[in-house]
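A.B. asks: Since the structure of chain U is already known, use the hints to place chain S on it.
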Amino acid sequence: MKIKKVLILASIIPLSSCGGDVLNRNVMAFGTVNSLHLYSGSEEDLDNLESIINKIDKLTDNYKERDVLNVTKINQTNEDVQIDPDLYEILKVGDELSKDIAPFSIYCGGLAKLWKESLNNQQIPDESSRNAEVEKIKNTSLEFKEGNVVRRLGEGEIDLGSLAKGYALDKCYSYLKEHQIANYYLSMGSSSNLLGDKTYSGAEEFEVEIKKSNWRLKLHNCYISTSGISEQSVTIDGVIYSHIVNPNTGKATPIYSTVLVVSDNGLIGDALSTAFMLSSLDNIKALEEKYSVKSLVLSGNDNVVYSHPDLNLFKAK
Amino acid sequence: MDKKKLRNDIILIASLLVATLVALIIVLLSKTNKNLVANVYVRNEIVLRIDLDKSNDQHFEVDGINGKVHIHVKDGAIAVVESNCPHQDCVHMGYVSETNRPIICAYNQVSIVIEGGLESNTVVVG
Chain U
0 MKIKKVLILA SIIPLSSCGG DVLNRNVMAF GTVNSLHLYS GSEEDLDNLE SIINKIDKLT
60 DNYKERDVLN VTKINQTNED VQIDPDLYEI LKVGDELSKD IAPFSIYCGG LAKLWKESLN
120 NQQIPDESSR NAEVEKIKNT SLEFKEGNVV RRLGEGEIDL GSLAKGYALD KCYSYLKEHQ
180 IANYYLSMGS SSNLLGDKTY SGAEEFEVEI KKSNWRLKLH NCYISTSGIS EQSVTIDGVI
240 YSHIVNPNTG KATPIYSTVL VVSDNGLIGD ALSTAFMLSS LDNIKALEEK YSVKSLVLSG
300 NDNVVYSHPD LNLFKAK
Chain S
0 MDKKKLRNDI ILIASLLVAT LVALIIVLLS KTNKNLVANV YVRNEIVLRI DLDKSNDQHF
60 EVDGINGKVH IHVKDGAIAV VESNCPHQDC VHMGYVSETN RPIICAYNQV SIVIEGGLES
120 NTVVVG
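As you go down the protein sequences, you meet chains U and S in turn. Numbering of the first sequence is given in numbering that gives the first Met the number 0, commencing with residue 0 and proceeding in unit increments. Numbering of the second sequence is given in numbering that gives the first Met the number 0, commencing with residue 0 and proceeding in unit increments.
A portion of the hints provided could be inaccurate.
[Claimed, not checked] Here are the simulated SDA-like cross-link-like pairs (lysine to any residue), alpha carbons at most 20 angstroms apart as the crow flies:
(1) U:LYS211 - S:MET92
(2) U:LYS91 - U:GLU78
(3) U:LYS217 - S:GLU97
(4) U:LYS211 - S:ALA78
(5) U:LYS211 - S:TYR94
(6) U:LYS115 - S:ARG42
(7) U:LYS211 - S:ASN120
(8) S:LYS67 - U:ASN119
(9) U:LYS211 - U:VAL304
(10) U:LYS316 - S:THR121
(11) U:LYS210 - S:VAL80
(12) U:LYS211 - S:ALA105
(13) U:LYS211 - S:SER119
(14) U:LYS211 - S:PRO85
(15) U:LYS217 - S:THR121
(16) U:LYS217 - S:ASN120
(17) U:LYS210 - S:GLN108
(18) U:LYS112 - S:GLN108
(19) U:LYS211 - S:ASN83
(20) U:LYS210 - S:SER96
(21) U:LYS211 - S:GLN87
(22) U:LYS197 - S:GLU97
(23) U:LYS211 - S:THR121
(24) U:LYS211 - S:VAL90
(25) U:LYS112 - S:ILE64
(26) U:LYS314 - S:MET92
(27) U:LYS112 - S:ALA105
(28) U:LYS57 - S:GLN108
(29) U:LYS210 - S:ASN83
(30) U:LYS316 - S:MET92
(31) U:LYS314 - S:SER119
(32) U:LYS211 - S:ASP88
(33) U:LYS211 - S:SER96
(34) U:LYS57 - U:ASN47
(35) U:LYS210 - S:GLU118
(36) U:LYS115 - S:ILE64
(37) U:LYS211 - S:HIS86
(38) U:LYS57 - S:ARG42
Don't read these hints as lab results, they were simulated from the structure.
In isolation and in its complexed conformation, chain U is listed as follows:
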């Protein structure tokens, strides 16, 4: 009898575990490919996640006006503006982080554009222009009022590029949790990532490969935020300049080649990965503790400058 029950169970289990297909969608937003991989759920879930991503992309765009009241509009005025609750939230958190994390600011849009334009012409912006932008950053803040109303104080330009993808992932995570979808992999241009509980094949952890590096990590149930100089840097007279600008000095010379932050909050992880690129190791460790994150810092030819002791770091075979 016992053997019969075991044999019946042994044949039913494989039948019931014939897994479904991966639900895949690629969404063009934030100027890049954003890949959604759900290991359960439906096409409707992909539709809803795509809507979330597109909405955050439009709201946080500081380069052009879109069909919603977005950052570009806020940057054009110093009057009260009533905005979407999501945009209000990301601005509120961004403003707080700009005060709490150095060097980080959401008001360095003007400085970032100055560097971008100059580097596209293989030039460095002159010191007076950089200093003028730094002054604007110092003198800019946001006033938050009831009813999702904000007012920009000062002339610094808001730029949410270092937060937007992480925030979009936070909203996606809330949706997935609400709909009890536990296994997935979401990637916003590969710089902001969200790993679910298990991989498609049922493995407990994902193997995380870092671009242009032989180092690997094993992770799951977390956000991975990365900042680096590999894709958007320019070398002038032997000095590497990047898109990551220092709001305090006006310079764009990150200290490291790649920073990776593992966190339980996408927006915070993204902000910290940007700030860490410009920070001393002491500052990195202090912020790790404050925000309960773990980081990996690389420089030059794949050298590990620092790795949080709890990260499962190993070399690729």
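C.D. replies: This is chain S only, laid out in the frame that chain U set:
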């Protein structure tokens, strides 16, 4: 034990095992017989859809925003083989056939994303 009952048990168990085997074969076949398709984007637009199974050893070229990007298909995988971008990250990706390993040339805003492929346990970040 009653011989008739034993025979019935054996028939039941054998039937279940055969059904399981058939189901597994069907599932495996459905996963491996999917056509691999690579979507090539420039900015937000798909400019090329390449059936990787039918395009073996074919070369393609797309106009990125800063220059041409040369693509090659080999043995069901796709690669950027030449680009004028300064860092060559897209070229260093090599040949890819998995859905969760897009090839991105940020300089030219060209992306290659695969549909219908295997879902790897490895994810690429950075």
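A.B. asks: With reference to the structure, classify each hint as holding or not holding.
C.D. replies: Each hint, compared with the structure:
no.	hint	result
1	U:LYS211 - S:MET92	holds (9 angstroms)
2	U:LYS91 - U:GLU78	holds (17 angstroms)
3	U:LYS217 - S:GLU97	holds (19 angstroms)
4	U:LYS211 - S:ALA78	holds (16 angstroms)
5	U:LYS211 - S:TYR94	holds (15 angstroms)
6	U:LYS115 - S:ARG42	holds (18 angstroms)
7	U:LYS211 - S:ASN120	holds (19 angstroms)
8	S:LYS67 - U:ASN119	holds (18 angstroms)
9	U:LYS211 - U:VAL304	holds (16 angstroms)
10	U:LYS316 - S:THR121	holds (14 angstroms)
11	U:LYS210 - S:VAL80	holds (17 angstroms)
12	U:LYS211 - S:ALA105	holds (15 angstroms)
13	U:LYS211 - S:SER119	holds (19 angstroms)
14	U:LYS211 - S:PRO85	holds (14 angstroms)
15	U:LYS217 - S:THR121	holds (9 angstroms)
16	U:LYS217 - S:ASN120	holds (10 angstroms)
17	U:LYS210 - S:GLN108	holds (17 angstroms)
18	U:LYS112 - S:GLN108	holds (18 angstroms)
19	U:LYS211 - S:ASN83	holds (18 angstroms)
20	U:LYS210 - S:SER96	holds (17 angstroms)
21	U:LYS211 - S:GLN87	holds (10 angstroms)
22	U:LYS197 - S:GLU97	holds (18 angstroms)
23	U:LYS211 - S:THR121	holds (15 angstroms)
24	U:LYS211 - S:VAL90	holds (11 angstroms)
25	U:LYS112 - S:ILE64	holds (19 angstroms)
26	U:LYS314 - S:MET92	holds (18 angstroms)
27	U:LYS112 - S:ALA105	holds (17 angstroms)
28	U:LYS57 - S:GLN108	holds (19 angstroms)
29	U:LYS210 - S:ASN83	holds (19 angstroms)
30	U:LYS316 - S:MET92	holds (17 angstroms)
31	U:LYS314 - S:SER119	holds (19 angstroms)
32	U:LYS211 - S:ASP88	holds (8 angstroms)
33	U:LYS211 - S:SER96	holds (19 angstroms)
34	U:LYS57 - U:ASN47	holds (16 angstroms)
35	U:LYS210 - S:GLU118	holds (18 angstroms)
36	U:LYS115 - S:ILE64	holds (16 angstroms)
37	U:LYS211 - S:HIS86	holds (10 angstroms)
38	U:LYS57 - S:ARG42	holds (16 angstroms)
Hint compliance for this structure: no hint is broken.
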